[in-house]
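Letter by letter, the chains look like this.
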Amino acid sequence: MLILAIYISIFLLAYFIYQTVARHRHAKQDYNQRKTVTFGDESAVSPNRAASVISIMTLFLIWGAFTGSKFSPVHVPGPFIGDTSFSYTAINAQHQTDHASVYIRVFPIGEKTGKPPVSTRDQTGFANDDVLHVAAWRSKLIRVQKNDTGGKEKTYRVVRINGQTITPQQSVIVANGVVSMTKKGSLSFTPDKGWQMEPIWLPPPEAVLSRLIEIARDGYQNVTLLENVGWSLLRVIVGFLLGSLVGIPLGYAMGLNNWFRGWFDPIVEFMRPIPPLALIPLVIIWFGIWETGKISLLFLAALWIMTIAARAGVSGINIAKVHAAYSLGASKRQLLTHVIIPNSLPEIFTGARVAMGVCWGTVVAAELVAAEKGAGKMIIAASKFQQTDVVIMGIILIGLIGYGIDILMRKAENTLVPWKGKA
Amino acid sequence: MTFKLPDGNDVDALKNVSIDLRKGELLSILGPSGCGKSTLLNIVAGFLTPTDGQVMLNGHQVTGPGAERGMVFQQGALFEWMNVRKNIGFGPAMQGMAETQIRPRVDALLETVGLNGFANKAVYELSGGMQQRVALARCLANDPDVILMDEPLGALDALTREKMQSLILKLWKETGKTIILITHSVEEALLLGERLLVMAPRPGHIHREYQLPFADMAVDTDLRNIKKHPDFNQRREEILSMIWEMEEDIMGMKA
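Sequences listed follow chains B and E, in order. Residue numbering for the first sequence follows this note's numbering, starting at 1 and increasing by one per position. Residue numbering for the second sequence follows this note's numbering, starting at 1 and increasing by one per position.
It should be emphasised that the hints constitute simulated quantities derived from the structure, not laboratory data. Hints should not be assumed to be uniformly reliable.
Stated by the list, open to error - Calculated lysine-lysine pairs in the DSS-like style (CA-CA distance at most 30 Å, straight line): (1) E:Lys86 - B:Lys411; (2) B:Lys321 - E:Lys15; (3) B:Lys411 - E:Lys121; (4) B:Lys422 - E:Lys23; (5) B:Lys422 - E:Lys15; (6) B:Lys321 - B:Lys422; (7) E:Lys228 - E:Lys170; (8) B:Lys332 - E:Lys163; (9) E:Lys170 - B:Lys321; (10) E:Lys23 - B:Lys321; (11) B:Lys321 - E:Lys177.
For reference, chain B alone in the conformation it holds in the complex (with noise of 0.2 Å):
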């Protein structure tokens, strides 16, 4: 809740300035600006690159903040660490009451330090002083009966902590952190947690960077980088490929074949709405983890998809064209090369993009599955290890790979058809 309060501030507080300073530089001059009415007009609205650098920024800056980053300028506060201490009274069988201090050092998490320097001990009573040592974020029981005299006795009790009274179940809020005595009657410290997250949970980024560098320097669990993202975008590129090869000329003979349309309508209508990871199950049931069953997998993923595609291509096209051919003296196959298939490209690429994004999608979690190299099973492994770094980075890794084939797929479409739209 506080994050996404921040968010909105910072989104809000980024339009005002960007407002306010876009008004007093002079304003670039294009037809846009003379239009009065903008508001519903789809193409005066076009997106506002500052806005988008300030959005990726202040995601880094919020991830930095909330994980102590060095790369952020600012940072919520931390957990607590160093040295702190509280006095605890106790009754022991004999009703005298004494008291005496717990001291304390929290460390950061896999840094384990010396124990805390102990005072001279209080000797005067039976309570004697403890001694603890925590690391940030967790919290730790301690027995200070252990070393007090008479802490064995049955009605030995702790009744006060820095002067405060406390009964079983209940806490006290000491310096730096907060006291709670069990059922039982024992003591537990938690130091204060402060506002950032654990590392387990959420690492800063130059851990996930860190990562990156090392990962693809020496490999993970001696696989390395290339291997793990090269195999799936090998397994990608092969099942979209073996989709395409038999999807397309499909989808054509149902565009252009009665016998055809009616024999693969069912099918096709049937096994399009089934998401492929639905298959998983059955597709390493029968061809089992490895390679055949992922390419299986991802073949199945793609064919339907281009098989549609390639058959809207043909049902699309504008009768005067098919009229406009034949009548030029065109064969069948030359309407097929010439005039069906050409004009069948720009679908065909739109097919293609989508079939390309499922397909990534669809490996990556057939990885999690079973794998032994690939982007997947990267992740997978790490978070089996609790290495939310890797899993962090692979995710990232993942995701701009996905955002790549588009990319890739959007300039081969631009360049290969670029009719597209203009007709």
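On the provided structure of chain B, position chain E as indicated by the hints.
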């Protein structure tokens, strides 16, 4: 010739339509929507088979589309994946003519339709009028015996339309082609048709036939002079009221 719609409709799309076409004639066909003029053209082109009767050309029966009958459509019939040159050369290329022979023929046609310098442009970069010039050139490239025009200027604005009307007349005179032109514009039908057929609906049949002097008159002069001609105006009024009557009949039947 008769064409019945196969959906059990008792109104025939065409009934007892018979036309003799002289070589080199420019025939325009006019009629309200639903009079079967497009059906008639599709039958002549070979895209439809008549229920009764036949189409004869050069002593043989028409059974399907063919290169001897070229067609110009209203719009959307150009191939966007080919440039202007490829579009115009499509027919000869399909016949297996060599590229070296196609090239000069396309160049000559580009000159004829006034598209010099546009050979390598993509067709979607051209205006509607220029696209129809390409369509005309593409049709002529095949050297057909008959050119069938299905409202070729229907999608153009009034100014472009007038220019294109002159172009069609010029091409007709220069090439001596036999042309059947379908239109819903009375003015266009009068201007371009040497002979004019007015068709009526329910069932589609030929209502009146006119022999017109305007196409010949217009070949060497400005089309606007013809439009000012008293005979032209009289004919136009006559045909317009005829078509209005038909439209009113249709409306009456629907109500």
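Hint check results:
Proposed proximity of E:Lys86 and B:Lys411 is supported: the alpha carbons are some 25 Å apart, at most 30 Å. For a cut-off of 30 Å, the pair hint linking B:Lys321 to E:Lys15 stands: about 29 Å separates their Cα positions. Distance check on the hinted pair: B:Lys411 and E:Lys121 sit about 21 Å apart at the alpha-carbon level, within 30 Å; holds. Taking the CA atoms of B:Lys422 and E:Lys23, the gap is about 39 Å. The hint is violated against a cut of 30 Å.
Restraint check for B:Lys422 and E:Lys15: not satisfied, since their Cα atoms lie roughly 40 Å apart, outside the 30 Å limit. Taking the CA atoms of B:Lys321 and B:Lys422, the gap is about 15 Å. The hint holds against a cut of 30 Å. At roughly 20 Å between alpha-carbon atoms, E:Lys228 and E:Lys170 fall within 30 Å of each other, so this suggested pair holds. Distance hint between B:Lys332 and E:Lys163 is unfulfilled; the C-alpha atoms sit about 36 Å from each other, more than 30 Å.
For the given pair, E:Lys170 sits about 26 Å from B:Lys321 by alpha-carbon distance, which is consistent with the 30 Å threshold. Our distance criterion of 30 Å between C-alpha atoms is met by E:Lys23 and B:Lys321, whose separation comes to about 27 Å. Between the alpha carbons of B:Lys321 and E:Lys177 the distance comes to roughly 23 Å, so the proposed pair stays at or under 30 Å and holds.
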